[in-house]
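Asks: Here is what each chain is made of, one letter per residue.
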Amino acid sequence: MHIPDGILPLGLTLGGWAVAAGLTALSLNRIAAQPDPREGLPRASMMTAAFFAASLIHIPVPPSSVHLMLPGLMGAMLGWYAMPAILIGLAFQAVMFGHGGLTTLGVNAVILGLPALVAFGLTRGLGHMTQRAAAAILGFATGAGAVLLAVALFAATLLAGLPAHLDAGAERAAITALALAHLPLALAEGMVVAAILGFLRRTNPEMIGAR
Amino acid sequence: MSERGIVLSVTVKALVAALLLTGPAAAHGAFVDVGATEAVAIHARYDTGEPMAGAQVSVFAPDDPAHPWLTGVTDADGGFVFVPDERAGQWAVQVRQAGHGAIGYVAVGTDGAAITVTAASTDLSWAQRLLMAASVIWGCIGTALYFRRARTAEPA
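As they're listed, the protein sequences go chains A and B.
The first sequence begins at 61 in my numbering and counts up by one.
The second sequence begins at 13 in my numbering and counts up by one.
Source of the hints: derived by calculation from the structure; they are not laboratory data.
Hints should not be assumed to be uniformly reliable.
[To be verified] Using C-beta positions, here's what the derived DEER-type ranges look like:
1. A:A220 <-> B:A139: 21 to 27 Å
2. A:L70 <-> B:A88: 52 to 58 Å
3. A:D227 <-> B:A139: 22 to 28 Å
[Unchecked claim] If you want the footprint, here are the derived chain B segments under chain A, 3+ residues with CB under 8 Å:
4. 75–88
5. 102–109
6. 139–150
7. 154–160
The beta-carbon is built from N, C-alpha and C at its ideal position, and this holds for glycine as well.
With the rest of the complex left out, here is chain B:
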């Protein structure tokens, strides 16, 4: 199983914002305020394309990188949604499963509304991977040929 592949994307989702209970006049009356807020949606997958289902998510607030602000588990599609509070700065999201995982970053602006994703995964195309692998392999072949030749060139 290989690692990597955490893609962060931002979506605006309508979420239930607050549950307001009124006073004794309406003894069992309840009001639900529904509002829209901005949430961060995470989609985590392995670089083989399969989703990281049931992986553990740790969200770290900008001012405390040592202790998770929120923990959770990804759904079957490797998805996870959270709403950062108003703290501005770089939020870190780690997704990990059985020793594999990655960290992504989300920048939350001072006005609280602007969420920008700063780091996403470096997705390499099939051809790029092949070229990179071929370069390293060629380097190894070159090294092998060099030491082979150097040995035969010297009189024993």
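The shape of chain A in the complex, shown without the other chains:
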């Protein structure tokens, strides 16, 4: 779910960079406004490592395969730190393994960063939730919803940038097939986020509040 170089027209890559820069600036601004901006860095760094490694793990979903994306987990765990963390993780994936590209880094950062920030917004009230079941449902919805939003952004970006010489029908069918292959991934990531947030609520509730 990374768009490589040479797929999108120039306007979309530049637009992606502009939106990614805006989101990153907003995130850094909010991080700087925190009492101790350095406090979240160890966790952000560890989550960056997890995010980076996740894209290398392929899960076969016949007829293709998908890899973990983790936008919901990044947003729920890191809050405003998610956006710079995703940008750095994606940059390493592009440079080291050619997953995505440097020209499309902005677009890819928006595709994953925006759902992460939405996930952050959704889970903000989680610390105050008293019912365990309600918290689990919210965690699941966050993890699954973030993947679905990322897939929707990915498909919309591709369709918007489809060159005229391509067979649009075939490409739409291929994109639809890829999006459907991500439905099991959305369920899996929903369960992961629900489980991790549920665990943190029991063992380390102040960690959820400290974002």
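For this one, chain A is given, so just place chain B on it according to the hints.
Replies: Structure of chain B alone, referenced to chain A:
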């Protein structure tokens, strides 16, 4: 699904070269000239090893990188064969499917006959990938440890 993995290889294939129709003497006579020519064979696959079947191929001639000279679709094994015309220079071949894809380059010499493949995919071994991933992860762990320590070292 991950991206990458377009491998270009050159093969010489015998292709039907021309269909010649004779004059009225042989009213329904047809001659087929069969000759050998050099073609460029493309094999496109994902880095998971699975072939990019039914992916869209765009071939760009050296003098027009904006408009495809030829478009087509890969077969079930991710294969595609085309014969470049005599234009010398670097031909670009893009294979893409659902937002994933890669570009490969084929250099065609001035004599028209020599075709050399300049860029192929960078295939990394399993061990190389592991080492690269481990280095980045270790960098992240180091960053985490650094900021952890810096915080505890300062008196609050």
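Asks: If a hint holds in the structure, say so; if it doesn't, say that too.
Replies: We went through each hint and held it up to the structure:
Between A220 (chain A) and A139 (chain B), the C-beta spacing of about 40 Å breaks the proposed range 21 to 27 Å. For the hinted restraint 52 to 58 Å between L70 (chain A) and A88 (chain B), the CB-CB distance of approximately 34 Å leaves it violated. Against the hinted window of 22 to 28 Å, the Cβ-Cβ separation of D227 (chain A) and A139 (chain B) comes to about 39 Å, which falls outside the hint. Counting residues of the segment 75–88 of chain B whose CB lies closer than 8 Å to any CB of chain A gives 4, which reaches the minimum of 3, so the coverage claim holds.
Coverage of the segment 102–109 of chain B by chain A holds [criterion: at least 3 residues with CB-CB distance below 8 Å; count 3]. Three residues within the 8 Å Cβ limit are the bar, and the segment 139–150 of chain B against chain A gives 5, so the coverage statement holds. Counting residues of the segment 154–160 of chain B whose beta carbon lies closer than 8 Å to any beta carbon of chain A gives 5, which meets the minimum of three for the stated coverage.
Violated hints, in rising order: 1, 2 and 3; the structure is consistent with all others.
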